[in-house]
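Peer 1: Residues per chain, in single letters:
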Amino acid sequence: MQHHAAGALRDSAVVQGGLLTMGTLSERILGAPAGEYVNREVDVAFAHDGTGVLVRETLREMGVERLPHPERVRLIFDHIVPANTGTTATLQKELREFACACGIPLSDVGGGICHQVMSEGVVLPGQIVVGADSHTCTLGAFGAFATGVGATDMAAIWASGATWFRVPPTIGLHLDGRFTGAAEAKDLALACVGALGMEGATYRALEFVGDGAADISMAGRLTLCNMAVEAGAKTGIFYADAVTLRYLAGFGLSVGVQAPEECCYEREIAFDLADIVPLVAAPHRVDNVRPVTDVAGTPLDQVFVGTCTNGRYEDLERFARIVRGGTVAVRTLVVPASRRVLQRAIETGVLAEIVAAGCIVAPPGCGPCLGAHMGVIGEGEVCLSTANRNFRNRMGVGGEVYLASVATAAASALAGEIAVPEEI
Amino acid sequence: MYGEGPAVCLGSDIDTDLIIAGRYLRTKDRRIWSEHVFEDLDPTLAERIRGAVIVAGRNMGCGSSREQAVIALREAGVVGVVAPSFARIFFRNAINVGLPVIEADIPCVEGAFVRFDLDEGWVEVNGQRRPAAPLSRRMVEILRAGGLVPYWRSRR
Ligand code: SF4
Numbered sequence: 001m002q003h004h005a006a007g008a009l010r011d012s013a014v015v016q017g018g019l020l021t022m023g024t025l026s027e028r029i030l031g032a033p034a035g036e037y038v039n040r041e042v043d044v045a046f047a048h049d050g051t052g053v054l055v056r057e058t059l060r061e062m063g064v065e066r067l068p069h070p071e072r073v074r075l076i077f078d079h080i081v082p083a084n085t086g087t088t089a090t091l092q093k094e095l096r097e098f099a100c101a102c103g104i105p106l107s108d109v110g111g112g113i114c115h116q117v118m119s120e121g122v123v124l125p126g127q128i129v130v131g132a133d134s135h136t137c138t139l140g141a142f143g144a145f146a147t148g149v150g151a152t153d154m155a156a157i158w159a160s161g162a163t164w165f166r167v168p169p170t171i172g173l174h175l176d177g178r179f180t181g182a183a184e185a186k187d188l189a190l191a192c193v194g195a196l197g198m199e200g201a202t203y204r205a206l207e208f209v210g211d212g213a214a215d216i217s218m219a220g221r222l223t224l225c226n227m228a229v230e231a232g233a234k235t236g237i238f239y240a241d242a243v244t245l246r247y248l249a250g251f252g253l254s255v256g257v258q259a260p261e262e263c264c265y266e267r268e269i270a271f272d273l274a275d276i277v278p279l280v281a282a283p284h285r286v287d288n289v290r291p292v293t294d295v296a297g298t299p300l301d302q303v304f305v306g307t308c309t310n311g312r313y314e315d316l317e318r319f320a321r322i323v324r325g326g327t328v329a330v331r332t333l334v335v336p337a338s339r340r341v342l343q344r345a346i347e348t349g350v351l352a353e354i355v356a357a358g359c360i361v362a363p364p365g366c367g368p369c370l371g372a373h374m375g376v377i378g379e380g381e382v383c384l385s386t387a388n389r390n391f392r393n394r395m396g397v398g399g400e401v402y403l404a405s406v407a408t409a410a411a412s413a414l415a416g417e418i419a420v421p422e423e424i
Numbered sequence: 001m002y003g004e005g006p007a008v009c010l011g012s013d014i015d016t017d018l019i020i021a022g023r024y025l026r027t028k029d030r031r032i033w034s035e036h037v038f039e040d041l042d043p044t045l046a047e048r049i050r051g052a053v054i055v056a057g058r059n060m061g062c063g064s065s066r067e068q069a070v071i072a073l074r075e076a077g078v079v080g081v082v083a084p085s086f087a088r089i090f091f092r093n094a095i096n097v098g099l100p101v102i103e104a105d106i107p108c109v110e111g112a113f114v115r116f117d118l119d120e121g122w123v124e125v126n127g128q129r130r131p132a133a134p135l136s137r138r139m140v141e142i143l144r145a146g147g148l149v150p151y152w153r154s155r156r
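As given, the protein sequences belong to chains F and U, one line each in that order. This note's numbering puts the first residue of the first sequence at 1, with every later residue one more than the last. This note's numbering puts the first residue of the second sequence at 1, with every later residue one more than the last.
These aren't lab readings, by the way, just hints derived from the structure by calculation. A quick note: this is a predicted structure, and the numbers were derived from the prediction, not measured. Wrong hints could be hidden among the right ones.
Stated by the list, open to error - If the Cβ cut is set under 7 Å, some of the chain U residues that face chain F in the computed set are: (1) Thr44; (2) Ser136; (3) Val149.
Note that CB positions come from ideal geometry on N, CA and C, so glycine has one too.
So that you can see chain F by itself, here it is in the shape it has in the complex (with noise of 0.2 Å):
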């Protein structure tokens, strides 16, 4: 557990043995050139109320009832809460039991979605971090290497600590420039998983580079990680700098920055901020991207601003900035990504902006993004949402999702058609 401990200050490459010091930043925290399979303790592995319930069940086939690092294990409830079924319930009451028992620690129906709340403060630069959903990839914003697995890989990983790693190929994205208008974060997400496509980065690391990056905020960043597996990456990375330690320093954590050493990237890309316009990752595909132009005037049943994507504390800002004073001619549903998110969104009065523009609020959580309650679509129906994933009959069967911006499902809101967001 020493490992732990000295988890904020360490220079990855030294700590995993010194095995490593130049490389991709994944090499340098994997330990080992691109291509070699290692075995790896890890910093943090936890699991939501979907995957939970089959971790548990997992881990008691394997006859394991004590789980040596409890402390480096969470468990988070976000995907179906508060509870829609009996069933639900009881599962979610099962799992809080097996939590209570093991010495887990719990978040709770309320606290926010999984990787929001890893995000708070959890996380540090340099961790090895497993999750037991595919959206793992998001903390790789902290120059953590972060990853997804199913839940017998992560019963294995509760039972012993450690699991197994391809180490993968790094494909580099050299940001250059600033976002200019309307643009943010998630269209260049959407640039990038329309540029790789499905499965141009599978089995890859995306690193993101460049003066550009540098001037992207934690939010930002989240987002972009978030959606490199939209791309078939095991992880999306940045390097921990001045705005990851500034982020952090807000939780009382104090961090060492990544520098970047020589090291080969399989391929590059390179974008340029200022090119970037606001875009859409039209039905029923997320490399199916286009600019908000081509598809302005689609009707619209439904906006929905949240998730793992887009439901941090700016992007409700960003998003109240644009509805304030107007009112939604759309059913707009608002779901914050955690209570500390709700929390400030109370205090700074951005949420009774949301709420007096005539939107929905619902609890923290991962809302109807997985289509299995609380604002699921209907046949026929359109949504446009700040989520990732868009697959067919993924929020509704029948519906149809364009996933967008922050900006665009503001105005798109004030519209209720898809809109092209102005200048903020």
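Assemble the complex: chain F is given as a structure, and chain U with the ligand must be docked to it using the hints.
Peer 2: Frame of chain F, contents of chain U with the ligand only:
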């Protein structure tokens, strides 16, 4: 690790929401997943994949990490899944639940006889043989044990 069966052909980018929809996740009853497997893609598939080898297109199993997807396939009686590329969590999950996954680029003919041998690293459709990408030693051991749980138990 040898397997055989008639081919069931699927397209590219089959996501885990299509394999098992989010609305069926809230249960511990594995039968529910195999009953509703591929429901939104083609409701007749659940029957047709019993004893068959799925031959899919690129990026098989993309999307969410839900292990219910590979469990549904295994419980529905799928012998193995062949595809030119897999989403990585799906691939890892499949091995962990003992469902053979074979990375190989081979044209699919519906109903054709498919055989594969993961130790020798090949897959055959209608007698036409193609190499399969090799698995790590540990992956083969996990598959041979029938998944990560029996593998774990056998090593304690
Ligand atoms: S918000 Fe959506 S994408 Fe994010 S963890 Fe929840 S269900 Fe998954």
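Peer 1: It remains to establish, for every hint, whether it holds in the given structure.
Peer 2: Against the structure, the hints:
This hint is violated: Thr44/U has a C-beta 17 Å from the nearest C-beta of chain F, more than the 7 Å allowed. A cut of 7 Å between beta carbons decides the hint on Ser136/U: the least distance to chain F is about 6 Å, and the hint holds. Here the hint on Val149/U is kept, as its CB sits about 5 Å from the closest CB of chain F, short of 7 Å.
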